[in-house]
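J.: What follows is the residue order along each chain.
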Amino acid sequence: MPIIESVDHLTEYRRQVRARRDPNQLQVLVCGGPGCLPLGSEPLAEAFQAEMAAKGLEGKVLLKTTGCHGLCSHGVRVLIRPKEITYQKVTPEDVPEIVETTLINQGLVERLLYQDPHSQAPCPHKGDIPFYQSQNPLVLRKLDIIDPESLDDYLAFGGYRTLRKILFQMTPEQVIEAVEKSGLRGRGGGGFASGRKWRLCRNAPGDVKFVICNGDEGDPGAFMDRAIMEGDPHAVIEGMIVGAYAIGALRGYIYVRHEYPLAVKRLQKALEQVREFGFLGTKILRSNFSFDIKISQGAGAFVCGEETALIASIEGKIGEPMPRPPYPVQAGLFGLPTVINNVETLANVPEIINMGPEWFAAMGTDNSKGTKVFSLVGAVNNTGLVEVPMGTTLRQIIFDLGGGIIDNRDFKAVQTGGPSGGCIPSQFLDLPVDYDSLQQVGSIMGSGGMIVMDSHNCMVDVARYFISFLMEESCGKCTPCREGLKQLLAILGDITNGQGEESQLALMEELCRTMAAASLCGLGQSAANPVLSTLKYFREEYEKHIRDKKCPALVCRQLLTFTIDPNECTSCLACVRECPVGAISGPKKEPQVIDQEICIKCGLCRDACQFEAVVVE
Amino acid sequence: MDLERLEGILGRFDGLPADLIPVLQEIQDSYNYLPKEELNIVAQRLNVPLSQIYSVATFFKMFSLLPKGKHVCRVCVGTTCHLKGGQRLAESVGHRLGVDIGYTTKDMNFTLETVGCLGSCAQAPVMMIDDTYFARVTVDKVPKIIKQYQK
Amino acid sequence: MGEVSLLINGIYVKAPVGSTLLEATRLLDLEIPTLCHHPDLKPEGHCRLCVVEIGEWPHTRLVNSCTYPVEKGLNVQTHSDKVLEARRLVLELLLARTPKAELIQKSAAALGVTESRFKTEDPEELCILCGLCVRTCREIVGVSAISMSSRAPDKQVATPFKEPSEVCIGCGSCAFVCPNNVIPYTEKNGIRTIWGQDFELVACSACGSYIAPLAQLEYWARLTGDPVERYLVCRNCR
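Protein chains in written order, with the working numbering: chain A, 1 to 617; chain B, 1001 to 1151; chain C, 2001 to 2238.
Because the hints were derived from the structure by calculation, they are not lab data.
The beta-carbon is built from N, C-alpha and C at its ideal position, and this holds for glycine as well.
Among these hints, one or two may not hold up.
Below, simulated BS3-like cross-link-like pairs (lysine-lysine); rule was C-alpha separation at most 27 Å, straight line [as the list claims (entries may be wrong)]: (1) K601(A) to K2119(C); (2) K1141(B) to K1068(B); (3) K2014(C) to K2119(C); (4) K550(A) to K536(A); (5) K2155(C) to K1061(B); (6) K317(A) to K1061(B); (7) K2106(C) to K2082(C); (8) K1106(B) to K2100(C); (9) K2014(C) to K2100(C); (10) K2106(C) to K550(A); (11) K601(A) to K588(A); (12) K1061(B) to K2162(C); (13) K83(A) to K60(A); (14) K1141(B) to K89(A).
So, partial list: chain A residues that the calculated Cβ filter (under 7 Å) puts toward chain C [to be verified]: (15) Q133; (16) S134; (17) P323; (18) N354; (19) G476; (20) C478; (21) R482; (22) A490; (23) T514; (24) L520.
Pulled out of the complex, with its shape left as it was, chain A reads as follows (with noise of 0.2 Å):
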């Protein structure tokens, strides 16, 4: 017997649920995102427990630990409500005193609050921080304040209000021309329309449909995905309940990474909550609508983030991709219609159900339409998820948000779109982010990884490094892919290795064009990116490495040399212990002496030096 019979009891439900709450009651929202959890969450937490039973508020201050807060350079953040004030880097130590001041005597602890970089005024509040100001979070919005693993939170906050409207006062037609009037576009990278993509399925011939939510962010320096789907994961299950109406499916599946737990997690954690209540099942709330979703888990694989190498693993084969057509929405999973959509697409249907699409398409371009968020990483002064709308431009994001490069340094590069995407040069910066302005000059908007470089990262080596992570990770099927990527790899070794050749660059250029037009999938048609963009803005690096043997960043080890310098070092040979290979020597209490013959330039003698007397150079 589902604990919801009907949609007036939801409604009943959700009134007595808000009637309960205090909207003045004293919250600690502590932040368990993944920024934070690895700075200790937990044990903030139970010490804010400890503290608030010692001083008897247990029962009167509601204590909960939340999703990320966003700014996640300035972790463990802590949101006291309803004031909104933030504090930031709180360790336990600090409970007591928090506890103190702020819960009780309603004061402020100034040294945990952020300060204006400019003005270097202290800003108790969320408003008062430009990180928080200048963004527009709709699918974050809930993100630090709910209780992931409380579905009466996610109903106080209006969840499951959809249920009503599709079910009962919409048809499926009517909901997919509401999708597709928003313009809700994927928000995995792919940009396909939404609405359109749920009409293609909807009208593909067969009974049976699937709706997948693909959870498998692969891309390095992304957890947008993560957020949601262990901050809020239930705004994941209502958008493809809508989903799975609009296109008539009977089953859907979340596939979320292996490198997730937390997210499976919390996700089957809100499947149990729905399927009790009604939400999921045979002839939900009363309804001719039958639905429910099984929980896939990747197995480490970036490839199956393609969409026919996901299908393929759900049946439990290995990932590789199939060429298209047939494209999913005709033949999926087990060779049925099936939609798939990105996490973050999925939590934008909710609100466009139940705001209408006119208020979506108010937001952001003309061609992309609503929000984006981004996970803006590298080296920003503020880093962490944002959210703003489609046209927000890169200098928005990383200077007025992002608070500009740390220590001062200069913007050197952008890199967006993860592996299939592209580093931008300052000269572009003024470029608003969406599906297409950054394509024009060689990257993608991606997934919304955008990793910020200044003159400490070598674009050589970052190119490498693109090269080396898709070679890992190809599935191997197509000789473009598998061998080009090889080639690619081989090439860029040995320009990082102080062995390369002028020929190697137009070498490159040619083989990345016929990865991107002959590769079976996005993986290889995408590889090329990181190395054109890199070619095009940065040309004289590849050349001072090749013709000069140098790296100007200093990273690219096998070009660099090692040294001691004499009036810094102590003699406390640390150093000399921790060298693989000898090449460290000298007399006792003398500063001593790298031998250039030796040296292998792996770097351990420099981190083993408390006295920072090894000289890179």
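Given the coordinates of chain A, assemble chains B and C onto it according to the supplied hints.
T.: Using the frame of chain A, we list chains B and C on its own:
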């Protein structure tokens, strides 16, 4: 072969070819690798050729045909971690443990792997030992972290 | 069975609905090179040699003709500059991978590629990973004794755990279909050795010439339901 343990796992599934990867995942988690004898039984039960199982076991990174160590250390070499010295960190850990990346120490205590992206990019470089995350791990922090697991 | 009209190299062709571009080009006697294609096996698009350029300029793209279905009004170019550049480079890559493979040398030379600017890792390598052997064993023979193991860096055809396969019947179809004679296969003294396993060959009880391994005959018997004795006499003598 531990038939009872395997039956416990197989009993939770419908016996369909599409159950292959979830079944292998449970075996990997339970046994710490995929033993040959167990895979032969899985082939029969799920009606999947052994060659397909071998294909799957060697295609996906989470599966191992050789036993893994008691502790698995995964150093993130995602883009941000790479830019902050992830590769050097991995090499440093390997140097300290006396093992190459991708292999297990002779005493079977540690397996050292690199992993694509753990999603904690703001705290680069990141590494995991079993289920515990370590953030902003500079090379000098490695000896102390490893020591905790070496008892 | 309906037909669709499409343009191939500027010529209108009528092709049956559901046929592929490769099949359609054969109606015009055009020579599209292939490596992983076989008329009896489901095409999977491994080699990328059969690519053709489709669409209207400037929005054209390359697709592998072995799986792309014919479409009404589709504009197809089978030997455009873009296509030839791709085919040449694919062969140049394969020439680097398998410099001694005669088929690759010949196919490359036919397109004007006589040497490779790329590095060779193992000069004795002959396998181009076309998958014909694996697909044959799976789709035609039906035992799936071999499969592709690993991903790109170490991808190779192998028996499970690289040990003799329990389901192999020694039929040698894999060796027969391999375009580069990669699969070692020897016959001596009534024993066929393949994939590390010895198979006893059965001699025809009438004329004495070797028919096939006992394992293979027993497999046929299981498949057809006939007693195995029926297969112990060769076809000529039956």
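J.: Hint by hint, work out which the structure violates, then give me just those numbers in ascending order.
T.: 3, 8, 9, 10, 15, 16, 18
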